[in-house]
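Engineer: If you want the building blocks of each chain, they are given just below.
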Amino acid sequence: MTGDTIPEAARLPRRAGAGDAAGEEPRPRRQPREDGRFLFSPWHLVLIPLAVVMLVPMVWMLVTSLETLNETRHFPPVLLPHTLAPGNYAQVLRQAPFARWFVNTLIVTVATVAGNLLLCAMAGYAFARIKFFGREVVFILVLATLMIPFQVVMIPTFIIVKHLGLINTLGGLIVPNLAQAFGIFLFRQFFRTLPVELEEAARIDGASRLGVLFKIVLPLSGPALATVAVITFLYTWNDFLWPLITIYSPNNMTLQLGLTTFEGTHQTTTNLLMAANVMSLLPVLLLFFLAQRYFIRGIASTGLKG
Amino acid sequence: MAQVSLEGITKEFAGGVRAVNEVSLEVPDGEFLVLVGPSGCGKTTALRLIAGLEKATSGTIRIGSQVVNGVSPRDRDIAMVFQNYALYPHMTVYRNLAFGLRERRTPKPEIARRVAEISSILGLDELLKRRPAQLSGGQRQRVAMGRALVREPAVFLLDEPLSNLDAKLRVQMRAELKRLHQKLGITTVYVTHDQVEAMTLADRMVVMSAGRTLQIGAPQEIYAEPVSLFVAGFIGSPAMNLLRGRAAGSRVTAGELAFERPGVPDGEVVVGIRPESLVPAGAAVPSGAAGPPCLDLHVDLVEPLGETTLVHGTVSGAAAESGAEEEQAILADAASRAPVTAVLATSHGTRPGDRMRVTAPPDRIYLFDAATGEAIR
Chain A
443 MTGDTIPEAA RLPRRAGAGD AAGEEPRPRR QPREDGRFLF SPWHLVLIPL
493 AVVMLVPMVW MLVTSLETLN ETRHFPPVLL PHTLAPGNYA QVLRQAPFAR
543 WFVNTLIVTV ATVAGNLLLC AMAGYAFARI KFFGREVVFI LVLATLMIPF
593 QVVMIPTFII VKHLGLINTL GGLIVPNLAQ AFGIFLFRQF FRTLPVELEE
643 AARIDGASRL GVLFKIVLPL SGPALATVAV ITFLYTWNDF LWPLITIYSP
693 NNMTLQLGLT TFEGTHQTTT NLLMAANVMS LLPVLLLFFL AQRYFIRGIA
743 STGLKG
Chain B
18 MAQVSLEGIT KEFAGGVRAV NEVSLEVPDG EFLVLVGPSG CGKTTALRLI
68 AGLEKATSGT IRIGSQVVNG VSPRDRDIAM VFQNYALYPH MTVYRNLAFG
118 LRERRTPKPE IARRVAEISS ILGLDELLKR RPAQLSGGQR QRVAMGRALV
168 REPAVFLLDE PLSNLDAKLR VQMRAELKRL HQKLGITTVY VTHDQVEAMT
218 LADRMVVMSA GRTLQIGAPQ EIYAEPVSLF VAGFIGSPAM NLLRGRAAGS
268 RVTAGELAFE RPGVPDGEVV VGIRPESLVP AGAAVPSGAA GPPCLDLHVD
318 LVEPLGETTL VHGTVSGAAA ESGAEEEQAI LADAASRAPV TAVLATSHGT
368 RPGDRMRVTA PPDRIYLFDA ATGEAIR
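Chains as they are written, first to last, in our numbering: chain A, 443 to 748; chain B, 18 to 394.
Rather than coming from a laboratory, the hints here were simulated on the basis of the structure. Predicted, not measured: the structure shown is a model, and the values here were computed from it. Mixed in with the good hints, there may be bad ones.
Unchecked claim - Not everything, but these chain B residues come out facing chain A in the computed CB check (under 7 angstroms):
(1) P90
(2) M97
(3) H107
(4) F116
(5) G117
By construction, the Cβ of each residue, glycine as well, lies at the ideal position given by its N, Cα and C atoms.
Produce the complete structure using the sequences and hints provided.
Structural biologist: Below is the structure:
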């Protein structure tokens with residue numbers, strides 16, 4: 443049929459798919475070291491101490507979570523506990539509605555992530571591809587909201603949520619965060635890199651605008667979807683201030699809020715607090731290891747902190 | 018099946034660029050029409066206007082008897098093949114082919130039947146489970162055509178579909194495209210910048226430049242009777258030789274070339290001779306006092322092509338430009354001599370450094386007004 447061989451075609455970059463025929467070269471991947479040995483670079487002299495600095499709080503948290511209350515109060519801090527107290531974890535689960543908080547946080551996070559993926563993708567697509575009056579102005583306004591600190595909009599948002607009757611509900615945590623300017627921006631930037639011919643071909647093939655978005659554009663937007671999902675997950679899971687002012691009954695608390703109940707007015711049970719911390723951190727750590735490259739891509743592509 | 022007609026179509030982009038300027042065309046049912054012109058001439062925009070991917074600033078577009086100016090692409094009953102194929106990378110070949118039918122809610126058995134039919138016509142049976150990234154250039158090209166044809170559109174639009182293929186495959190696909198058109202008889206509008214492709218494929222072709230149509234006609238007609246210097250320089254490969262000359266009292270002179278042409282108005286002219294028309298003077302034409310116009314060609318380069326050889330050289334006189342040149346000539350000679358190319362039989366044995374006399378039949382010498390570029394008949 444044709445003289446071309448399949449391996450040659452398969453070498454072409456994947457995502458470009460249809461657009462790659464113009465002959466762009468596959469980007470060279472960084473090769474792993476052939477002998478697999480650790481090669482020293484002067485940068486390591488800087489990076490290793492930095493890594494240690496980053497790791498110390500984590501290690502300390504883990505150690506403290508296994509200490510008895512007396513040892514946590516010792517000064518200088520005890521870094522190697524004399525007696526391990528794994529019972530701290532069981533006590534956390536007994537003493538506080540920890541499972542409830544975990545489920546609450548999961549509900550809020552999943553709903554917020556889903557909302558952001560859907561709504562930000564739709565808005566981002568409109569900004570990227572649909573020509574409408576005032577598009578650039580509206581987009582700049584959306585971007586400008588990134589510069590407004592949360593503390594400024596906190597009270598107005600609270601009043602809106604109160605009028606919606608969502609104070610002290612999980613809905614009050616979800617609704618205000620369903621779409622974020624950051625996600626819209628990220629989707630828009632990504633969609634603009636997709637070859638527009640794919641969408642034109644789909645429109646000629648009979649797809650509607652939404653059909654194009656859901657059947658052609660989104661299936662090709664894995665990296666953008668993953669980045670927005672990961673960053674929204676992280677933000678929502680760790681959010682503290684908004685739940686603090688919205689939620690007051692313990693049953694509706696999220697993890698971050700629930701953790702504060704271990705800090706009493708007169709006494710803080712540091713070992714229990716740290717055990718709860720470790721447990722609340724596990725999903726985040728798991729996600730980080732699974733989706734590390736999307737964290738980095740998301741942060742690098744926007745210049746925002748995660 | 019349908020005819021397509023454009024009436025006074027203008028497309029102005031933001032910033033006032035007129036990509037298409039007052040273009041009128043008729044494409045009868047079943048015709049293979051080729052829009053050809055240098056890059057930036059508006060041919061792709063014209064095609065996108067027919068497809069509905071761009072909105073005309075003014076003018077009327079009809080497909081069949083329906084005015085389609087405000088009709089969305091999916092309701093125009095057209096199919097388009099893009100230059101980079103635009104295959105959906107996340108779908109298998111089968112789903113690529115079926116996508117348009119599924120979007121139109123065609124029943125599943127009908128989809129299966131039509132995909133099977135088109136894939137056997139185009140030889141895609143073995144590839145249905147692959148993804149576009151696993152296909153070669155030629156295979157992708159077939160899938161793109163299949164995706165367009167499977168919907169049995171009234172009008173088939175192609176935007177430089179062969180330009181990403183290597184030379185050999187391009188010639189092969191060109192012939193297959195023509196065969197396919199003969200078999201299916203779908204009204205086709207084809208855009209290319211390659212005039213050889215245009216000549217070989219077209220029932221009729223439209224030469225465009227700067228958003229306007231310069232000439233519409235059968236390829237042979239345009240080759241034989243170009244209406245302007247631009248068309249003459251653009252159509253034909255190698256390009257027509259052009260020399261500056263003067264007409265005075267029915268006598269035309271350009272360098273050493275001199276011949277009678279009754280009825281030519283006096284003034285500056287451009288003389289055009291196709292490389293294929295030039296023959297060695299000694300062999301073909303008897304010399305005499307009123308002999309045919311001859312050129313003294315100093316050969317500096319020969320390119321053997323097998324049966325024929327391209328002979329490049331210079332003659333005395335000044336070169337003229339048609340405006341269709343892709344590039345400025347490298348190593349352009351001093352103005353005193355003009356470059357001339359001839360297609361001669363290889364058996365003639367021309368070598369660089371030769372000096373030879375070449376001639377062309379007087380009726381194959383074209384004249385153009387030097388100021389307006391219009392052909393003088």
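Engineer: All the hints need checking, so say for each whether the structure fits it.
Structural biologist: Comparing the hints with the structure gives:
1. P90: holds (5 angstroms)
2. M97: OK, holds: M97(B) within 7 angstroms of chain A, min 5 angstroms.
3. H107: holds (5 angstroms)
4. F116: Constraint on F116(B) satisfied, holds at 5 angstroms.
5. G117: holds (4 angstroms)
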